[in-house]
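Each chain, letter by letter, is given below.
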Amino acid sequence: MSDSPKPFGQTQAKPAPATPLNPRRRGIIIGASKGLGAELARKLSREGYSLALLARSGDKLEALCREINGTGQSARAYVHNVAEYDKVPALLRTIVADLGGLDLAVFVAGVNYPPGGIDKYNFENDRAMIEVNLIGAMAWLHPISEMFQSAKAGQIVGVSSVAGDRGRVGNPGNNTSKAGLTAYLEALRNRLTRHGVNVLTVKPGFLKTEMLTAALGPTPFAIEPSKAADDIFNAMKKRRQVIYTASIWRWIMLAIQHTPSFIFRKLTF
Amino acid sequence: MQLNLNTCFTTLENFGHSLKSSSYRIPIKKKEDIYEAFQLAKKLGLKVTARGTGISYNDASLNGGGIVLDMRGMNQIVEWDSTTGVVRCESGVTLEQMWQRVEPDGWWSPVVPGTMKTTLGGCLAANIHGKNNFQAGPIGEHVVEFTAMLPTGALVTCSPKKNADLFYAMISGLGMLGVFTSITLKMKRIHSGLITVDAWHVLNLHKHLSDLRDHAADHDYIVGWLDAMARGKSLGRGQIHGARQLKEGEDSNPQKTLQLSYQHLPDRFFGILPKSILHYFMHPVINNLGMRFVNMGRYVSALRAHTFRQSHAEFHFLLDYAPNWERSFGRGGLIQYQSFVPKETAEDAWREMLELSHRNGLPSFLGVTKRHRPDKFLLTHGVDGFSLAMDFKVTDKNRASLSAMLQEFDQIVLNAGGRFYFAKNSETTAESARKFLGDDAISKFKKLKRRCDPNGLLESDLYRRVFG
Numbered sequence: 001m002s003d004s005p006k007p008f009g010q011t012q013a014k015p016a017p018a019t020p021l022n023p024r025r026r027g028i029i030i031g032a033s034k035g036l037g038a039e040l041a042r043k044l045s046r047e048g049y050s051l052a053l054l055a056r057s058g059d060k061l062e063a064l065c066r067e068i069n070g071t072g073q074s075a076r077a078y079v080h081n082v083a084e085y086d087k088v089p090a091l092l093r094t095i096v097a098d099l100g101g102l103d104l105a106v107f108v109a110g111v112n113y114p115p116g117g118i119d120k121y122n123f124e125n126d127r128a129m130i131e132v133n134l135i136g137a138m139a140w141l142h143p144i145s146e147m148f149q150s151a152k153a154g155q156i157v158g159v160s161s162v163a164g165d166r167g168r169v170g171n172p173g174n175n176t177s178k179a180g181l182t183a184y185l186e187a188l189r190n191r192l193t194r195h196g197v198n199v200l201t202v203k204p205g206f207l208k209t210e211m212l213t214a215a216l217g218p219t220p221f222a223i224e225p226s227k228a229a230d231d232i233f234n235a236m237k238k239r240r241q242v243i244y245t246a247s248i249w250r251w252i253m254l255a256i257q258h259t260p261s262f263i264f265r266k267l268t269f
Numbered sequence: 001m002q003l004n005l006n007t008c009f010t011t012l013e014n015f016g017h018s019l020k021s022s023s024y025r026i027p028i029k030k031k032e033d034i035y036e037a038f039q040l041a042k043k044l045g046l047k048v049t050a051r052g053t054g055i056s057y058n059d060a061s062l063n064g065g066g067i068v069l070d071m072r073g074m075n076q077i078v079e080w081d082s083t084t085g086v087v088r089c090e091s092g093v094t095l096e097q098m099w100q101r102v103e104p105d106g107w108w109s110p111v112v113p114g115t116m117k118t119t120l121g122g123c124l125a126a127n128i129h130g131k132n133n134f135q136a137g138p139i140g141e142h143v144v145e146f147t148a149m150l151p152t153g154a155l156v157t158c159s160p161k162k163n164a165d166l167f168y169a170m171i172s173g174l175g176m177l178g179v180f181t182s183i184t185l186k187m188k189r190i191h192s193g194l195i196t197v198d199a200w201h202v203l204n205l206h207k208h209l210s211d212l213r214d215h216a217a218d219h220d221y222i223v224g225w226l227d228a229m230a231r232g233k234s235l236g237r238g239q240i241h242g243a244r245q246l247k248e249g250e251d252s253n254p255q256k257t258l259q260l261s262y263q264h265l266p267d268r269f270f271g272i273l274p275k276s277i278l279h280y281f282m283h284p285v286i287n288n289l290g291m292r293f294v295n296m297g298r299y300v301s302a303l304r305a306h307t308f309r310q311s312h313a314e315f316h317f318l319l320d321y322a323p324n325w326e327r328s329f330g331r332g333g334l335i336q337y338q339s340f341v342p343k344e345t346a347e348d349a350w351r352e353m354l355e356l357s358h359r360n361g362l363p364s365f366l367g368v369t370k371r372h373r374p375d376k377f378l379l380t381h382g383v384d385g386f387s388l389a390m391d392f393k394v395t396d397k398n399r400a401s402l403s404a405m406l407q408e409f410d411q412i413v414l415n416a417g418g419r420f421y422f423a424k425n426s427e428t429t430a431e432s433a434r435k436f437l438g439d440d441a442i443s444k445f446k447k448l449k450r451r452c453d454p455n456g457l458l459e460s461d462l463y464r465r466v467f468g
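Same order as they appear, the protein sequences are chains A and B.
Each residue of the first sequence is one higher than the one before, counting from 1 in our numbering.
Each residue of the second sequence is one higher than the one before, counting from 1 in our numbering.
A couple of the hints might just be wrong.
With a straight-line cut-off of 30 Å between C-alpha atoms, the simulated DSS-like cross-links for lysine-lysine are [what the hints assert, rightly or not]:
{"#": "1", "chain 1": "B", "residue 1": "K343", "chain 2": "A", "residue 2": "K14"}
{"#": "2", "chain 1": "B", "residue 1": "K343", "chain 2": "A", "residue 2": "K152"}
{"#": "3", "chain 1": "A", "residue 1": "K152", "chain 2": "B", "residue 2": "K435"}
{"#": "4", "chain 1": "B", "residue 1": "K343", "chain 2": "B", "residue 2": "K435"}
{"#": "5", "chain 1": "A", "residue 1": "K14", "chain 2": "B", "residue 2": "K43"}
I should point out that these hints are in silico values taken from the structure, not numbers from a laboratory.
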């Protein structure tokens, strides 16, 4: 266990023991330091979750944990690079022990490296997207699914993207990673629903985060990540299966998915 | 041990279904399995708790995110000597298994709680008591010897003479010093499968407690039912059951009454309604209004004092009467708050608590009283006085106010010189525990823990809550 990152600094405090009159749900957010992950952490802690927050950037995580712990809720930071798959099993064990159980896993970690033009190719970037967005999700959600299936309880939330609904000219690597993630989450759902475990796939459109600046071209219907976090929490409560946020993307993507290939081939987005 | 821990992950609950916690559950069949689990826990940096049938009201056998040893597989009655009444069992043996083995030979367990579903290991870890606590003490006083495995892998055998410090600490020690593997108990002679019960009503709290005190001497067992919803002059009213074992010759046909078939709890009500579905019918009544009528009806029917005979199982195991009755408390489940208060201060303390519960609109649906005496186990809950156990329904709406009220209860009990019981109360804080146990007892316990468990492998949710 010595090589697994330990929570540090102000975030050492373990969550208060759960009692019948002070029940705690316990969640892990993979990719929590900024953007949607950070907003989800704020939202879920307000809703009474004790959280383990994971990200590569220790400083940001530390600040977020301090903010959450300052409100009387409980969050602990764990520095982790999703692409270091070998470290997942031991770290997961530590986190579940620190939290005192596990009821929720949220996978938000994702990178997006647009190639910078519809005729540009960059294998290294595409590979990194697959390694984080897809294989990273599998590295975490495999053991968690196995645990939830065994416990016959739990909820998994995977943040995919509208980008996974269709392969487009702009960013083939990203489309592929998100399409893979969407299919993976659906497969988990089909495996786990019969064991009482809910799997929610989230497909955000544009969010007003760092990723927005990375996008080429216009970014219609962009929403604040806090709005997306509220949508996700409501969907979790209703145990829904797939949501778009903002919800208008359901209809936009319906149109895009049904656009015939002979037209789609000629488009430049 | 070839184990995929992920597929051991299990949601475990307390008896009242008011607390859930997920852990890696490892089935234990023999004592070597315990050692392997300790090794595994040490390697992975996980904590370990032993669990029997999981029917304590709180977090005593929960260990969220850690390893839970499922002791139910270690359930052999190793040796039974019907001439001396000494029985040696593995720790996963339940009281049900044990009494069914010894009763036909004319013996009965010297101490039993309100349910027969507990394992002996759990009974010793909590040092359970029965309705005869005022004279027989807790179950620990009837243990001839036990063997336990320490987290180091060492097996220790303890008796009141041998390793006495560990004997008096591991019994009552909540499973935090070691895991019981073998337990030897001395049974008590009985001359009939029946027991004589006197039942009479008491008008108020003062009469309730004075009757418990004054009538304990002429009974082997005494227990009171307290209508916790009655107010004003009737506060503390209820019914007392005092019971005596039959003497030799009192039962004209002990051969017949000692048969197991004579002891079985009926599985149907009124001969038709299966008890297994009873909790569905109870559910609509388990609320403030419904329980007021139930308690009132119960009191009215108690007005007639009478004496009757009933089987041992019927008298002792009230909690097993309606299977899954705890389910009738609904989704939020139930908790029990039990306080042990010296006889001099009990009346005032409980009057204050009962009135507080009425003012808050959070009455207990069921109150049970008993007479107690002190004992010399390290984490004892015994007092020269009485105990009052109160059941509360937990709902999403009442959690915060119930929690605040129980913290007030704790202060009242502590000010009255009272104690708490670690198999029951789920909300006792570390501070309250320190106040009633005293710094000496706690430092002695922690010192023994460092000696038995140098790596701190044994931890339960309860341990983290009150000693963490």
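Hints and how they fare:
1. Under the criterion of a C-alpha separation no larger than 30 Å, the hint pairing K343 (chain B) with K14 (chain A) is inconsistent with the structure, at around 40 Å.
2. Taking the CA atoms of K343 (chain B) and K152 (chain A), the gap is about 48 Å. The hint is violated against a cut of 30 Å.
3. Note on K152 (chain A) and K435 (chain B): the hinted pairing is violated, with a Cα-Cα distance of about 40 Å set against a maximum of 30 Å.
4. For the suggested pair K343 (chain B) and K435 (chain B), the alpha carbons sit about 19 Å apart, so the restraint of at most 30 Å is met.
5. For the hint pairing K14 (chain A) with K43 (chain B), the CA-to-CA distance comes to about 21 Å; that is within 30 Å, so the pair holds.
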